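Once you have looked at the hints, place chain B with the ligands on chain A.
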Amino acid sequence: MIKLENVTKVYKGDHVALRDATLGIDKGEFVFLVGASGSGKSTFIRLLNCEEVPEHGTIHVAGKDIGMLGRWKVPYLRRNIGYIFQDFKLLPNKTVAENVAFALEVIGKPRHVIKKQVPAILELVGLSEKMSNLPSELSGGEQQRVSIARAFVNRPLILLADEPTGNLDPQTSIGIMRLLDRINRTGTTVVMATHDRGIVDTMRRRVIELDRGVIVRDQARGVYE
Amino acid sequence: MAISPVYALRETGQNLWRNFMLSMATVITIGVSLWLFGGFFLFNYAVDNATQRWEGGIEFVVWMNPEATSEQNANILDAIMTSPEIQDYTFVDQDAAYEEFKDIFSDTPELVEVVTPEVMPPSYRVVPVDPDADVVAELASQFEGRPGVKTVVSANDTIRDIQDLADEVGTVFLAGSLVLLAAATLLILTNIVSAIRNRGREIEIMKVVGATNWFIRIPFMLEGIMQAMLGAVLAWGGLYVIDQRVIGRFSQPDSLELMAGFQVESDELIFTGGLVLGIALAVSVIGSSIAVTRYLDA
Ligand SMILES: Nc1ncnc2c1ncn2[C@@H]1O[C@H](COP(=O)(O)OP(=O)(O)O)[C@@H](O)[C@H]1O
Ligand SMILES: [Mg+2]
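Note that the protein sequences, when read in sequence, are chains A and B.
For what it's worth, the numbering used here labels the leading residue of the first sequence as 1, then goes sequentially.
For what it's worth, the numbering used here labels the leading residue of the second sequence as 226, then goes sequentially.
If you are wondering where the hints come from, they were derived from the structure by calculation, not from laboratory data.
Bear in mind that the values here come from a model prediction, so they are computed numbers and not experimental data.
No false leads were slipped in.
Just a sample of chain B residues kept apart from chain A, beta carbon distances all over 12 Å, derived: (1) Thr237; (2) Ile253; (3) Asp273; (4) Thr276; (5) Leu302; (6) Glu325; (7) Glu335; (8) Glu338; (9) Gly401; (10) Arg470.
Residues on chain B that point at chain A, a partial pick, calculated with CB under 7 Å: (11) Met431; (12) Val433; (13) Val434; (14) Gly435; (15) Ala436; (16) Thr437.
Capping the alpha-carbon separation at 20 Å, the derived lysine to aspartate or glutamate pairs in EDC-like fashion look like this: (17) Lys115(A) to Glu129(A); (18) Lys94(A) to Glu123(A); (19) Lys3(A) to Glu51(A); (20) Lys109(A) to Glu236(B); (21) Lys94(A) to Glu137(A); (22) Lys89(A) to Glu51(A); (23) Lys375(B) to Asp320(B); (24) Lys375(B) to Asp303(B); (25) Lys12(A) to Glu55(A); (26) Lys73(A) to Glu51(A); (27) Lys89(A) to Glu427(B); (28) Lys130(A) to Glu142(A); (29) Lys375(B) to Glu292(B); (30) Lys109(A) to Glu427(B); (31) Lys94(A) to Glu142(A); (32) Lys327(B) to Glu490(B); (33) Lys94(A) to Glu236(B); (34) Lys3(A) to Asp218(A); (35) Lys64(A) to Asp26(A); (36) Lys12(A) to Glu51(A); (37) Lys94(A) to Glu129(A); (38) Lys116(A) to Glu98(A); (39) Lys94(A) to Glu429(B); (40) Lys73(A) to Glu429(B).
Every residue, glycine too, gets a C-beta built ideally from N, C-alpha and C.
Same shape as in the complex, but just chain A:
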């Protein structure tokens, strides 16, 4: 599903954010990216999403060499990738349902599809009651659920999450992880950057550790360490 070969990302000023990374992630895997702040976790995720372009190496996502993808094809690749932000990034003047519908609207989904899929996904994340509320009327955990619903409503093959629990208390984080786990069990590949030790140690999933841009550990059923 995801394959990196000798991928190096250098930012302006010769700053190497990812060095010679080679790894594969299969369909349906759940992967934690761990490492200190600045170790390159976000860079790794942004590379998969075509937000950044590597200086060296090739990246395959969903069977496509994304380095060879024309610029106009990138949006179509992204329709297969859900993206969850640490700070939710909900649109403040749209309701919960409208926020989720927005993701379908802007990729040209017909109205009847939107009408069917939005309530279904809100049901899945447990927010059916709040679909007419504004984000400001929700708790942090609920806002993150909306953001997950928006990322997953188009049933992507891959879900990328950059510290999705970074702004949440431990109790709320557990709820979010249960939700991501459920989504993963539907066959969706999940790549999640985190430095939440408790979560990683509890879930016991594959752990990839980065240290100053270098992959220093890749462990099945790993712990945070």
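Using the frame of chain A, we list chain B with the ligands on its own:
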């Protein structure tokens, strides 16, 4: 992938409303600039139409009576041909005069209807050797009052003054309109950039969920194009006023008068309107393209 028109219109409408004041300023600037630009064209058309008889060095016209005998005609022709002060001449017969009349007054069919070729005066359009006004006046007066001659009209200083004035006024109009047009382009650009800034998060989400570049761009571009279209409509109103109230006032239904035909033909008016619309479209497409490529695709 098709863009839902409902989506595009809703987004465009919201953007326009958000920047209402700035949008108004943009629409007015575009309107005034295109109005000046179109005015330049109308004025030029009117001057051309009024002075077309006076081009190619023609300085005076000897109008014959329609009933003049062929002997009277021959006398005048002989005088013109033998005069050392006359370089060239053109004879416009009754049919040609009728065509010219129809051309000048094509917008006033009721006038054309009552006229037939038989009542049109034939004329000699004369090019003197020396175009000096005094020489021309002296030369023209030699034909005044001769048998068969109805009247002699010379271009004199008035026509030349009008042509010069038209050139100067036109240049000012044109320069002013181009400066305003540049300002309008910048306003369109600024509007769109501010709209893009206001909607940074929406744009970020659209990109991340896989909206195409065009899908993201089009509402913004439509905003600029719509402002320009409204400006063009404003300019049309202004041009109509110029045509009816300013130019129309000078037009006189007498083909022998000096200012005859100082008016704009309907096809010229339509062309000017189309030109104004085309420029509005071009300016807004350019302005909004720069804005979206520069601030959206980065
Ligand atoms: N857009 C950027 N331009 C320049 N340097 C960057 C940029 N993004 C990240 N970096 C640098 O690259 C390194 C890795 O950053 P990041 O991938 O955000 O790490 P993490 O998510 O693990 O905290 C950091 O040192 C950071 O300062
Ligand atoms: Mg990060």
